[in-house]
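Which chain is which? The protein sequence lines are X and R, in order. If you're matching positions, the first sequence starts at 1 in my numbering and goes up one per residue. If you're matching positions, the second sequence starts at 1 in my numbering and goes up one per residue.
In case anyone wonders, no lab produced these hints; they're calculated from the structure. Possibly wrong hints are sitting among the right ones.
[Unchecked claim] Below, a list of computed lysine to any residue pairs in the SDA-like style, where the Cα atoms sit at most 25 angstroms apart:
(1) R:K309 to X:L170
(2) R:K182 to X:H93
(3) X:K29 to R:Y92
(4) X:K164 to R:S168
(5) R:K385 to R:I346
(6) X:K183 to R:I346
(7) X:K164 to R:S314
(8) X:K29 to R:G120
(9) R:K309 to R:Y92
(10) R:K264 to R:C205
(11) X:K29 to R:K264
(12) R:K135 to R:K182
(13) R:K182 to R:D239
(14) R:K151 to X:R173
(15) R:K316 to R:Q185
(16) X:K29 to X:V131
(17) X:K29 to R:I346
(18) X:K241 to R:H272
(19) R:K151 to R:K182
[What the hints assert, rightly or not] Chain R is nowhere near these chain X residues, computed Cβ spacing over 12 angstroms in every case:
(20) R71
(21) L168
(22) G249
Don't be surprised by glycine CBs; every beta carbon is placed ideally from N, CA and C.
Listed below are the residues making up each chain.
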Amino acid sequence: MAFLLQILEAGLPLSYAAIFVLYLRHFLKPGGHEADRPFLGSQLLYGTLGVHLAYLGLLSYQVDHLPVASRAEFLSVLALCIGLVYAFVERKHRDANTGVFFLPLIIGAQGWSSLLMDPSAPHSILEANPVYGIHVIFMVFGFTALAVSALYALMYILLARQLKSHQLGLIFRQLPALNILEKMSRLATLCGIILLGLGLGIGHYLAMYVLENFNFFDPKIVITYVAWATYAVGYLVVKTKGISGLRMGYLSLGGYLALITSMVVVNTFLSTFHSFQ
Amino acid sequence: MALQRLTAISFSHRNTGLDERDALAFGEEDIRHFVDACHSDWLSEAAVLSTCNRTEFYLWGPSGDDLWPELAKLVARLRSMAPEDMPAPDVYFDAAAARHLFRVAASLESLALGENEILGQIKDTHEQILNGPHKLPVLDQLFQFAIRAGKRVRTETSLCEGVVSIASAAVNLATKIFSDFKSRQVLIVGAGETAETTAMHFSSCGAERFVVLNRSEERGQRLAADIGGAYRPLDTLVDACATADVAVFATGSPTHLISYESMKGVMKARHHRPIFLIDISNPRNVDPEIARLDSAFLYNIDDLQQVVKANLSSRKGEIPAAEIIVTETVDSWQNWQKSMQVTPTIASLAKYFEEVRSQELDRQYNGISEEQRKMLDDFSRGLVKKLLHNPIMYLRSSVADNSLSTDDLHLVRSLYDLDDRKEKNDES
C-alpha cells in the first residue's frame with residue numbers, strides 16, 4: 001500500500017497540472033467552448049478528485065487517523081476541498097471558464113503536500129480522534145468555500161471594472177457574465193456557511209465531551225463564530241433584499257480578507273488552545 | 001473530349017450591384033432546374049450557392065473556356081433576364097475554384113468579414129447536393145472540405161469573434177452583464193429607427209420584457225406592439241429605470257433625459273443592482289457623470305463604435321491565420337483529387353490480376369479434388385495479394401507525397417494494357 005500511496009503522491013500533482021493545461025487552453029480558446037459539448041478537462045477533474053478522495057482514504061487507513069494531523073495531510077485535504085467546491089460550482093453553472101484560476105491553487109497545495117508527506121511522522125492523541133478529524137475537515141471545507149466565494153467576487157470586480165472602463169480584454173471575453181459570477185460566489189458562500197456551521201457544531205461537541213478545559217472565549221473560536229454569523233446574516237439579507245452588484249463584490253472580497261487578517265493576527269499575537277502545528 | 005475540371009462562377013458584392021444580385025438570386029426551383037440541365041446537357045455535377053450577397057455556381061465535369069457563355073443562356077432563361085444584361089462573373093478553375101469556395105466558407109469573402117451565417121448557407125447547399133436526384137460525389141466532397149475549412153477557421157482563429165454593428169455590440173455587452181435576457185426588463189427610450197433596430201436585436205437574443213418610453217404616444221405604442229412590450233409616457237423615465245435591467249436611449253432630445261442626481265436615487269432604490277445604459281442618441285441623452293455610479297454601466301455611441309472598430313481590426317488581424325487554413329484545405333482537396341486519379345488505376349490493376357488468377361485456376365481445376373481446389377484458390381489469392389502490394393503502395397504513397405507523375409500512371413497502365421482492356425470491357 002505504501003508504494004501505491006507514493007505513486008498517487010507523485011501522480012496527483014501531475015494529473016492536476018495536466019488538467020490545468022486543458023483548462024488554460026479552454027480559457028484561451030477563441031470563441032469559447034460549445035456549452036452542449038462535454039469538456040474533457042471537467043471530466044478529468046472529476047475523475048482526479050475521485051482518485052484524490054481514494055488516496056486520502058487509503059492514507060487514513062495506513063496512518064490510522066483522518067489525514068489532518070500533519071501539514072502535508074492538511075495541505076492534501078485543502079487541495080481536495082478547493083477542487084470539490086470548485087467542481088460543484090462549475091457543475092451547477094455549467095461553465096468551466098473559471099477553473100484556470102483555481103487549479104494552480106490545487107496544484108500548489110497538493111504538490112507541497114506530496115513533497116512533505118511522511119506517514120510515519122508523530123501526531124498527538126487528539127489528532128487521532130476521528131471526531132476531531134471530521135471537525136477539522138469541515139472547517140477546512142467551510143473556509144475553502146468562503147475563499148472560493150471571495151475569488152469569484154474578485155473575478156466579478158475585475159470584469160465589472162473592465163466593463164466600466166470600456167477596456168474589454170481577455171477577462172471580458174472569457175469570464176462568465178457578471179450575474180453568473182455573482183451566482184457562483186453566492187453558491188460558494190452558501191456552501192461555506194453550511195460546512196463551517198457543521199464544523200463549528202462538531203467542534204462544540206468535541207470541546208464539551210472530549211476536551212477537559214474548554215474556553216468559549218478562545219479568540220479563534222470567537223472570530224470564527226463572528227465570521228460565521230456575519231456571513232449567515234449577510235447571506236440572508238442579500239438574498240431577501242435582492243442586493244447585488246459591484247458593492248456586493250467589494251463587500252464579499254473585503255469580508256474574506258478581514259476574516260483572514262483577523263485569523264493571522266490571532267494566531268500570531270494571541271494565545272489560543274487551537275494550534276494545529 | 002474536354003477535360004474534367006472544377007469550375008466556380010461567382011456573382012457577389014465584389015462584381016455586381018444589389019439590383020443585379022437580386023435578379024440573379026436562385027430559389028429552390030431555379031436550383032433544381034439548373035442542376036438538372038447541367039446534368040443532362042453538359043454531363044456535369046452542379047451546385048448553386050445563393051445568398052443575399054452572392055450567387056455562385058460550382059460545376060464538376062467536362063469544361064472548356066466557353067462554359068460560361070453557354071451557362072449564361074441557361075441562367076438568363078431561369079431568371080427571366082436578357083443574356084446581354086447578365087453581368088460578367090468571376091470564373092475560377094480547379095484549385096482556384098476550390099480555394100474560392102473555402103474562402104467563402106471561412107467568410108473571408110463576406111461583405112461583413114467573419115460573419116457566421118455563410119457557413120450555415122454552405123451547409124444548406126451541401127444538403128441539397130446530398131438530397132438531390134443526381135449523384136454528385138465530387139461536389140459532395142468539395143463542400144465537405146469547405147465546411148471543414150469554415151469550422152476550422154471559426155475554432156482555430158478569432159476571425160469570427162466579436163460583433164461588428166452598433167446594435168449587436170450593445171447586445172453583446174449586455175450579455176456580459178446579465179448572460180441572458182429572458183427575465184430581464186429592457187427599457188427602450190425613443191421609438192425611431194435606431195431604437196427599433198436595437199430593440200429587435202435584443203428580441204432576437206431572447207429578451208421578452210420590453211417597456212417603450214416615448215414622447216409621442218402613437219409611435220411609442222406602435223413600437224411596443226411590434227416588440228410585444230408595454231408603453232409608458234416619457235415623464236415616468238426615472239421610475240422605469242428603477243425596475244429596468246437594460247435601458248436603451250435613442251431619442252432626438254437636445255438635453256439629458258436623466259441626470260446624475262436622479263440616477264443616484266434610482267440606484268439606491270434598486271439596491272445597486274446592475275443596470276446597463278446604452279446611449280445611442282446624438283446629442284447624448286444620459287448624463288456621462290452617471291458612469292461614476294457603482295453598477296451603472298454606461299456606453300454611448302462613441303464607446304460602442306470603439307468596440308466595433310476594435311473587433312473589426314482584431315478580425316482583420318486573423319486573416320493570415322485563416323488563409324493558412326484555407327491553403328491547407330486546398331492542399332488536402334488536391335490530394336483527395338489525386339487519390340481519385342489513382343483509384344481507377346488501382347481498381348483496374350486489381351481486376352486484371354484477378355482475371356488472370358481466375359483464368360489460370362480454371363485451367364488447373366480439371367481432375368483435382370475439392371480440397372486441392374481450395375488450396376490452390378487460397379494460394380493464388382495470397383500470391384496475387386503479395387504481388388500487388390508493392391505497386392499499390394507505391395501509387396498511394398506517391399499521391400500522398402505529391403511525387404506521382406502522369407508518366408508513372410501511364411507506365412503502370414501500359415505495362416498491363418489496362419486502357420485497352422477497359423475499352424474492350426466498355427464495348428462488351
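Structure-based check of each hint:
With a CA separation close to 17 angstroms, the supplied pair K309 (chain R) and L170 (chain X) stays within the 25 angstroms bound. Proximity of K182 (chain R) to H93 (chain X) is assessed by CA-CA distance (about 17 angstroms); at most 25 angstroms being required, the pair is judged to hold. For the given pair, K29 (chain X) sits about 34 angstroms from Y92 (chain R) by alpha-carbon distance, which is inconsistent with the 25 angstroms threshold. A distance of roughly 18 angstroms separates the Cα atoms of K164 (chain X) and S168 (chain R); the hinted pair therefore holds under the 25 angstroms criterion.
Between the alpha carbons of K385 (chain R) and I346 (chain R) the distance comes to roughly 12 angstroms, so the proposed pair stays at or under 25 angstroms and holds. For a cut-off of 25 angstroms, the pair hint linking K183 (chain X) to I346 (chain R) is broken: about 63 angstroms separates their Cα positions. Straight-line distance between C-alpha atoms of K164 (chain X) and S314 (chain R) comes to about 21 angstroms, which keeps the hinted pair within the 25 angstroms bound. Between K29 (chain X) and G120 (chain R), the direct Cα distance comes to roughly 22 angstroms. Compliance with the 25 angstroms bound is thereby established for this hinted pair.
Using a Cα cut-off of 25 angstroms, the hinted pair K309 (chain R) and Y92 (chain R) is violated, with the two alpha carbons roughly 33 angstroms apart. A hinted pair counts as satisfied when its Cα atoms are at most 25 angstroms apart, and K264 (chain R) with C205 (chain R) does not qualify at roughly 29 angstroms. Simply put, K29 (chain X) and K264 (chain R) have alpha-carbon atoms about 39 angstroms apart, too far for the 25 angstroms limit, and the pair is violated. For the given pair, K135 (chain R) sits about 45 angstroms from K182 (chain R) by alpha-carbon distance, which is inconsistent with the 25 angstroms threshold.
A distance of roughly 21 angstroms separates the Cα atoms of K182 (chain R) and D239 (chain R); the hinted pair therefore holds under the 25 angstroms criterion. Taking the CA atoms of K151 (chain R) and R173 (chain X), the gap is about 20 angstroms. The hint holds against a cut of 25 angstroms. Annotation: proposed proximity of K316 (chain R) to Q185 (chain R) is violated, straight-line Cα distance about 35 angstroms (limit 25 angstroms). For the proposed pair K29 (chain X) and V131 (chain X), the alpha carbon gap of about 46 angstroms is over 25 angstroms, so the pair is violated.
Proximity of K29 (chain X) to I346 (chain R) is assessed by CA-CA distance (about 43 angstroms); at most 25 angstroms being required, the pair is judged violated. The straight-line distance between the Cα atoms of K241 (chain X) and H272 (chain R) is roughly 11 angstroms, inside the 25 angstroms bound, and the hint therefore holds. For the given pair, K151 (chain R) sits about 29 angstroms from K182 (chain R) by alpha-carbon distance, which is inconsistent with the 25 angstroms threshold. Every beta carbon of chain R lies more than 12 angstroms from that of R71 (chain X), the smallest distance being close to 41 angstroms; the non-interface claim holds.
Under the 12 angstroms C-beta cut-off, the non-interface status given to L168 (chain X) relative to chain R is violated; the minimum distance is some 7 angstroms. For G249 (chain X), the condition that its CB be more than 12 angstroms from all CB atoms of chain R is violated, with the nearest at approximately 9 angstroms.
The structure shown violates the earlier hints numbered 3, 6, 9, 10, 11, 12, 15, 16, 17, 19, 21, 22.
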